[in-house]
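**Q** Residue strings, one per chain:
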Amino acid sequence: MKEQQEDVLELGGHTFHSRFILGSGKYSLALIEAAVRDAGAEIVTCAVRRANTKEHENILDYIPKGVTLLPNTSGARTADEAVRIAHLARELGCGDFVKIEIMRDTKYLLPDNEATIRATETLAKEGFVVLPYMYPDLNVARDLVNAGAAAVMPLAAPIGSNKGLVTKEFIQILIDEIDAPIIVDAGIGSPAQACEAMQMGAAAIMANTALATAGDLPLMASAFKDAIAAGRKAYRAGLGRVLTRGAAASDPLTGFLRD
Amino acid sequence: MEKENHFFIDSDKLSAKALEKKHRLENDPSCRKDPMEYFPDMEQIKSDVRERVMAAMHAYEPEQYTAIDVRRALDHERVTIEDFQALLSPAAKPFLEEMAERAQRETSRHFGNTVYLFTPLYIANYCENYCVYCGFNCYNDIQRLQLSHDEIAHEMKVIADSGMEEILILTGENKVKSSVEYIGDACKLAHQYFKNVGLEVYPMNVADYKYLHDCGADYVTVFQETYDLKKYETLHLLGHKRVWPYRFEAQERALMGGMRGVGFSALLGLSDFRRDALATALHVYYLQRKYPQAEFSLSCPRLRPIINNEKINPLDVGEHELCQILCAYRLFLPYVGITVSSRESATFRNGIAKICATKISAGVSTGIGDHEEKYTGKHEEKTGDEQFEICDTRSIRSMYGDMEGEGLQPVLNDYLYV
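Protein chains in written order, with the working numbering: chain A, 1 to 259; chain B, 1001 to 1418.
Derived by calculation from the structure, the hints in this document are not laboratory data.
The reader is advised that the hints may include incorrect statements.
[Said to hold, decoys possible] Cβ pair distances, simulated, as ranges:
id: 1; chain 1: A; residue 1: P158; chain 2: B; residue 2: D1075; range: 15 to 25 Å
id: 2; chain 1: B; residue 1: F1223; chain 2: A; residue 2: P158; range: 30 to 40 Å
id: 3; chain 1: A; residue 1: A230; chain 2: B; residue 2: F1223; range: 31 to 41 Å
id: 4; chain 1: B; residue 1: K1290; chain 2: A; residue 2: V67; range: 36 to 46 Å
id: 5; chain 1: B; residue 1: T1080; chain 2: A; residue 2: R37; range: 40 to 50 Å
id: 6; chain 1: B; residue 1: A1346; chain 2: A; residue 2: D216; range: 25 to 35 Å
id: 7; chain 1: A; residue 1: L92; chain 2: B; residue 2: K1378; range: 30 to 40 Å
id: 8; chain 1: B; residue 1: G1407; chain 2: A; residue 2: K163; range: 20 to 30 Å
Because the structure is a prediction, the values reported are computed rather than measured.
For each residue, glycine too, the CB sits at the ideal point set by N, CA and C.
For reference, chain A alone in the conformation it holds in the complex (with noise of 0.2 Å):
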């Protein structure tokens, strides 16, 4: 069990023992409370445009103490713009973490990769625990880890529609490429996604409509959080090998050679 407590999940020189990541799309009082106590999550993230009220539903009173929050951009058009709601995002006391979400398209959410990169760059110089969500593209991934990511955050589908790894081959490239932790993001739909996206390689998944959506939001944080656990442990065991078709040929084909 020693070996199993030792691999952890660090970001920006904070170490995390969980795997799973509340996303921020749905929130409610119950949702953050069944990721944390059900699925284990100790990053929360928070859409910063939430935060920023007076009084009734403000959702920084929902995360518990010890949890990390992970504000996040969401709303922001600009690479100028985010970095304003980061700075924001300091002055309410939501600490250094970021997460950069950069949108010009109001209809699929989908992330603008160029303005993502100068923003990440203008924020890690300045001190910023920075990930960013980003649509999975190696040359862009290699640019924010240059930019200095502390992780990149690559979508799995189009953000709240459930449908798991539909960009899987291009994920498995910045796993393999890129040395940041590479943290599976939106579209994630059900634990079988995550455990496959982590046996892959992911450094972590974050998630929030899967759980929001479910008929038992704390059964279904819970078959997350062990989905998570079991696909880290099988990408860490490394995979055995898949037989394409039928048996192994117990008479091999190469048989005949001689020297």
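Given chain A, put chain B in place with the hints provided.
**A** This is chain B only, laid out in the frame that chain A set:
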């Protein structure tokens, strides 16, 4: 059910000359201005959106769709324009529950279980238009009022103290009385009291929208009322609002002026509601393709009684039809906000908020300067009459509680000015 509303009401306070002009406008189409002709001060922009919307609307024959078309539409993962037309058709009526179930899933996917609360603030009811169904129309005998700077600030404070964080500023359409500068001043004031400031005022030019954006407003709603030009011409008899294409292009000019988002609607009950619903949604659809960064929202007002004409009603647009339209909107445009106003009953609004509405008003007055009286019971000397009779009179506090009771999460602010 009556086939048409009877809109024309004569006030005994009108002079003989005014009455004569009113009757001439009502009865003699040749004395009315061409609704396609812009006034000289109206900016004309180059856009193909109007042509595309109108071509689709004119080609739409709701009666041609069958249950097979509706079934096909509901089986498609992405609802096409053709599918949307089937969902709006009479053939979709037996599928309403299934449409509602799917609409609920789509709403949940895009908006979670949140419902956004806002309140409108009417700051003036002077109007130069003669729109025959509207309580503010220039021939209607109502108490007129325009709030001063200090009176606006007072009303805003009363509303802000109730916990509201978004305000929608409205005026009657009168550019002389309620000038762009007057509205701009109200926006600057609103910016001090609220997190978000929206406008529902007369259509204006790009430079005016830019100015009002600089003053703190960032969302513009303009109702086209009806996309049926022939019908529009018989309902909007006088004033700037008579110019139909200038109104149609208002949202695009607002976006060109830098506004973050724009709202749309037809006033249901004025014309063929299925064609109007199609045109409204396509108006959003085509503008979204041109301005993908913008936010869009749809409203769905039905005709309501006004002061001096209690009989005005939405004709064939019952609650089932309204629900069908809203579900079809949600399936075709899942990312778009849907606002349901206090024209509808508390029961309807509670139900529709669980299916597809994302934004509802609370603590509403469509009169002028009477928030303190309505919120606290303190009598206010000077008030202006209402644009229409509201149905759901719930306060912000009771709406907040009721929405929580429905299992929804009320949200008061969802945007940040940076």
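**Q** Hint by hint, which ones does the structure fall short of?
**A** 3
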